[in-house]
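Enquirer: Sequence:
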Amino acid sequence: MIAITLPDGSVKQFEAGVTPMDVAKSISEGFARNVISAAFNKVTVETSTPLTQDGNLVLYTWKDDQGKKAFWHSSAHILAQALEQLYPNIKLTIGPAIENGFYYDVDFGDTTLSDKDLKEIETKMLEIARGKHEFSIRETSKAEALDYYKKQGNEYKVELIENLEDGTITFCDHDDFTDLCRGGHIPNTGIVKAIKLMSIAGAYWRGDENNKQLTRVYGISFPKQKELTEYLELLEEAKKRDHRKLGKELELFTFSQKVGQGLPLWLPKGAALRERLENFLKKAQKKAGYEMVVTPHIGHKELYLTSGHYQKYGADSFQPILTPHEGEEFLLKPMNCPHHCEIFKTKPWSYKDLPKRFAEFGTVYRYEQSGELHGLTRVRGFTQDDAHIFCTPDQLDTEFKKVIDLVLYVFGSLGFDNFTTQVSLRDPDKPEKYIGNPELWEKAEAAIISAVKDKELDYVIEEGEAAFYGPKLDFMVKDALGRSWQLGTIQVDYTLPERFELEYKGSDNEMHRPVMIHRAPFGSMERFIAILLEHTGGNFPLWLMPEQVAILSLSEKYEKYSQKVLNLLENDEIRALTDNRNETIGKKIREAEMNKIPYMLIVGEQEEQDGTVSVRKHGEGDIGTMPLETFSELIQDAIKAESKEFNV
RNA sequence: GCCGAUGUAGCUCAGGGGUAGAGCGUUUCCUUGGUAAGGAAGAGGUCAUGGGUUCAAUUCCCAUCAUUGGCUCCA
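Position one of the first sequence corresponds to residue 1 (full-length UniProt numbering), numbered consecutively onward.
Hints should not be assumed to be uniformly reliable.
[Unchecked claim] Heads up, simulated DSBU-like pairs for lysine-lysine below, C-alpha to C-alpha not over 35 angstroms straight-line:
no. : residue 1 : residue 2
1   : LYS258    : LYS269
2   : LYS12     : LYS124
3   : LYS644    : LYS402
4   : LYS69     : LYS455
5   : LYS240    : LYS63
6   : LYS356    : LYS312
7   : LYS226    : LYS245
8   : LYS25     : LYS124
9   : LYS402    : LYS356
10  : LYS301    : LYS258
11  : LYS596    : LYS644
12  : LYS124    : LYS282
13  : LYS240    : LYS596
14  : LYS212    : LYS248
15  : LYS124    : LYS212
16  : LYS239    : LYS119
17  : LYS505    : LYS453
18  : LYS282    : LYS312
19  : LYS212    : LYS226
20  : LYS196    : LYS150
21  : LYS401    : LYS345
22  : LYS91     : LYS212
23  : LYS124    : LYS150
24  : LYS301    : LYS63
25  : LYS12     : LYS119
26  : LYS282    : LYS25
[Stated by the list, open to error] FRET-style restraints, in silico, Cβ to Cβ:
no. : residue 1 : residue 2 : range
27  : GLU99     : GLY412    : 42 to 52 angstroms
28  : GLN53     : GLY9      : 11 to 21 angstroms
29  : GLU99     : SER28     : 27 to 37 angstroms
30  : GLY9      : THR112    : 23 to 33 angstroms
31  : GLU29     : LYS226    : 20 to 30 angstroms
32  : THR168    : GLY260    : 45 to 55 angstroms
33  : GLU144    : GLU432    : 32 to 42 angstroms
34  : GLY586    : GLU227    : 36 to 46 angstroms
In case anyone wonders, no lab produced these hints; they're calculated from the structure.
This one's a predicted model, so the numbers in the text were calculated from it and none came from an experiment.
All C-beta atoms, glycine included, are put in the ideal place defined by N, C-alpha and C.
Just need the whole structure built from these sequences, with the hints factored in.
Expert: Take a look at the structure:
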């Protein structure tokens with residue numbers, strides 16, 4: 001007999017050789033029907049794996065992440081089988097479960113797969129699924145496994161197996177299909193009821209662009225057709241919130257092929273929104289002791305040689321600009337920090353002067369690969385809400401935490417309540433990717449981790465994600481399509497002060513090197529506004545709205561009164577517009593609603609006589625008639641209610 | 001940059017070897033209205049660009065450019 005401990009702490013005795021599914025059945029038949037995966041002593045096992053010793057067993061259903069993982073991983077096997085049946089000479093490589101579904105990377109040889117083929121593959125997959133084939137795991141020797149794939153001429157699987165230890169190699173079989181696999185499947189293919197293949201994409205073998213490009217088929221599957229339908233509806237919903245679509249509809253920004261790809265053009269409403277965001281941050285930064293500086297859009301090549309950016313990114317950047325006669329080389333500014341370092345150098349500093357905090361909304365230009373451009377989130381010219389803090393090593397901890405406070409204030413003011421943070425450290429295996437001495441790196445990394453702990457942020461540590469000159473703390477949020485984007489960033493840098501030979505005089509009358517903090521709460525104005533658009537679906541906080549009030553006259557007869565209402569609101573610094581067109585009120589309301597204008601004021605004969613407005617709120621409808629002054633107070637109070645002050 | 005898809009009116013999109021269509025928007029006229037589309041008429045397109053096949057190309061083929069889903073990259 002063996003003792004199986006369940007997650008609730010209860011311990012049950014079973015015959016050795018009992019399977020997780022048997023245990024599930026012993027709890028209840030109904031529960032067992034939903035169990036699709038299991039972990040024994042924290043190791044993923046099949047639901048049919050015999051258990052031979054005491055241990056902790058966790059049973060997973062579709063509701064658990066682990067269950068979904070097993071479900072989608074198993075679906076990838078079904079996909080592979082369908083592909084093999086339809087395209088006999090292909091070479092399978094890897095096919096994992098991902099956050100939303102699964103994919104399989106396949107070498108199709110000379111065949112090209114297109115979207116039209118997906119339907120046929122889906123049909124084949126459903127046919128296989130309906131066969132209710134059981135998944136079973138079988139151990140094999142390394143030699144046998146190698147032999148199997150060498151015979152097939154599948155060099156990818158051979159490469160995978162060569163990197164595995166003998167004795168740990170398993171195959172998974174279902175129906176007549178076999179694949180190298182470490183396990184974690186659902187009991188049988190019949191549990192997969194709904195399948196949708198989403199897209200085809202190219203993907204490099206092992207993620208290395210020097211390797212052969214394979215064809216990746218993305219799909220998702222569900223235990224019920226209804227869940228698939230809901231998922232597809234969710235995707236539709238996400239599309240409606242896409243910042244590229246909303247940006248066009250709300251006339252915020254555009255792109256022009258003639259101006260160049262990745263170079264956004266801000267339309268009046270978008271520019272106004274941007275300006276308001278900038279002013280919001282400027283106000284908080286002023287309180288926090290920042291001073292604004294301004295630097296040019298280009299800089300001498302020498303500047304970036306000193307900073308190290310040229311060596312690191314020069315080759316992949318826009319090519320240097322040559323002056324006509326002297327042949328001097330200038331670069332489009334890819335970073336503001338070298339300029340700010342030169343500002344720091346304009347005069348000698350005492351430790352009593354520090355910290356110095358230089359801030360700039362600095363527009364930078366970077367050559368991003370054409371395939372990488374994406375709306376406003378990945379562009380070639382963008383404006384950073386940049387600042388650099390030059391401080392003594394003693395001040396680092398305090399300054400870093402102050403920056404965290406500022407970032408949290410910004411996020412809180414804009415409704416980003418769900419964010420995570422990432423501490424990005426060096427890749428210990430690739431020291432050549434970084435500049436600066438390892439001791440300083442350690443100091444910087446330790447400073448960030450301690451600040452994050454003190455501030456009780458929810459964080460993950462990612463090795464190898466640091467900037468080349470220093471470690472960083474990034475703030476990430478998710479967009480409407482579930483993609484994670486980096487917003488704010490705070491970086492500790494001992495290296496640039498070294499390279500620019502920055503100094504201050506200490507209390508000991510000796511010269512010392514300051515520490516630098518790079519920081520940008522928004523990250524870039526472009527990206528931030530994109531994410532804000534998707535986050536709010538275009539319903540920005542009232543204080544940011546390009547147009548807060550639409551005054552809709554019932555007919556042209558009330559044009560004069562609507563103009564009067566507009567003037568009075570503008571006196572109270574409320575952004576309003578009038579709509580006196582020869583259209584019905586229903587149409588004017590509809591358009592204002594679609595333009596997401598927060599308040600609509602309907603004015604007609606009654607209102608003109610009484611000096612009132614009939615107020616309609618976006619998304620809510622009629623909220624009644626009131627004196628104009630009352631409405632003005634109402635909206636001003638609403639704006640005040642959502643604007644928090646930044647307190648240092 | 002690489003692999004796939006897409007590019008038709010200002011916008012959203014249909015069409016298809018014989019030089020183009022809808023809805024919305026826009027213009028003009030009628031209508032002067034009470035909380036999500038009042039009515040009528042008109043204007044508007046070298047069908048992304050450049051080649052090729054063909055009696056004939058917007059349609060088929062190739063290339064380029066842009067957009068897009070991924071991969072790689074991201075100071």
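Enquirer: Could you run down the list of hints and mark each one as holding or not?
Expert: A quick look at each hint next to the structure:
1. LYS258 with LYS269: Since the Cα atoms of LYS258 and LYS269 sit roughly 22 angstroms apart, the hinted pair holds (cutoff 35 angstroms).
2. LYS12 with LYS124: This hinted pair is violated, its Cα atoms lying about 42 angstroms apart.
3. LYS644 with LYS402: holds (17 angstroms)
4. LYS69 with LYS455: The hint holds at about 33 angstroms.
5. LYS240 with LYS63: holds (27 angstroms)
6. LYS356 with LYS312: Holds, at roughly 27 angstroms.
7. LYS226 with LYS245: Distance of about 28 angstroms is within 35 angstroms: holds.
8. LYS25 with LYS124: holds (32 angstroms)
9. LYS402 with LYS356: holds (14 angstroms)
10. LYS301 with LYS258: Holds, at roughly 28 angstroms.
11. LYS596 with LYS644: Holds: LYS596 and LYS644 sit about 23 angstroms apart, inside 35 angstroms.
12. LYS124 with LYS282: violated (59 angstroms)
13. LYS240 with LYS596: holds (14 angstroms)
14. LYS212 with LYS248: Judged against 35 angstroms, a Cα distance of about 38 angstroms means the pair is violated.
15. LYS124 with LYS212: Given pair LYS124, LYS212 holds - Cα atoms ~28 angstroms apart, limit 35 angstroms.
16. LYS239 with LYS119: holds (22 angstroms)
17. LYS505 with LYS453: Status holds; Cα separation ~32 angstroms.
18. LYS282 with LYS312: holds (32 angstroms)
19. LYS212 with LYS226: violated (38 angstroms)
20. LYS196 with LYS150: Satisfied, since the Cα-Cα distance of roughly 32 angstroms is no more than 35 angstroms.
21. LYS401 with LYS345: holds (25 angstroms)
22. LYS91 with LYS212: Roughly 13 angstroms between the alpha carbons, so the hint for LYS91 and LYS212 holds.
23. LYS124 with LYS150: Answer holds: LYS124 to LYS150 is near 27 angstroms, not above 35 angstroms.
24. LYS301 with LYS63: violated (56 angstroms)
25. LYS12 with LYS119: violated (47 angstroms)
26. LYS282 with LYS25: Status violated; Cα separation ~63 angstroms.
27. GLU99 with GLY412: 42 to 52 angstroms: violated (27 angstroms)
28. GLN53 with GLY9: 11 to 21 angstroms: holds (19 angstroms)
29. GLU99 with SER28: 27 to 37 angstroms: Taking Cβ atoms as reference, GLU99 and SER28 lie about 31 angstroms apart, which means the hint holds.
30. GLY9 with THR112: 23 to 33 angstroms: Hint violated: Cβ distance 55 angstroms, outside 23 to 33 angstroms.
31. GLU29 with LYS226: 20 to 30 angstroms: holds (23 angstroms)
32. THR168 with GLY260: 45 to 55 angstroms: 52 angstroms Cβ-Cβ, so the 45 to 55 angstroms window holds.
33. GLU144 with GLU432: 32 to 42 angstroms: holds (40 angstroms)
34. GLY586 with GLU227: 36 to 46 angstroms: holds (39 angstroms)
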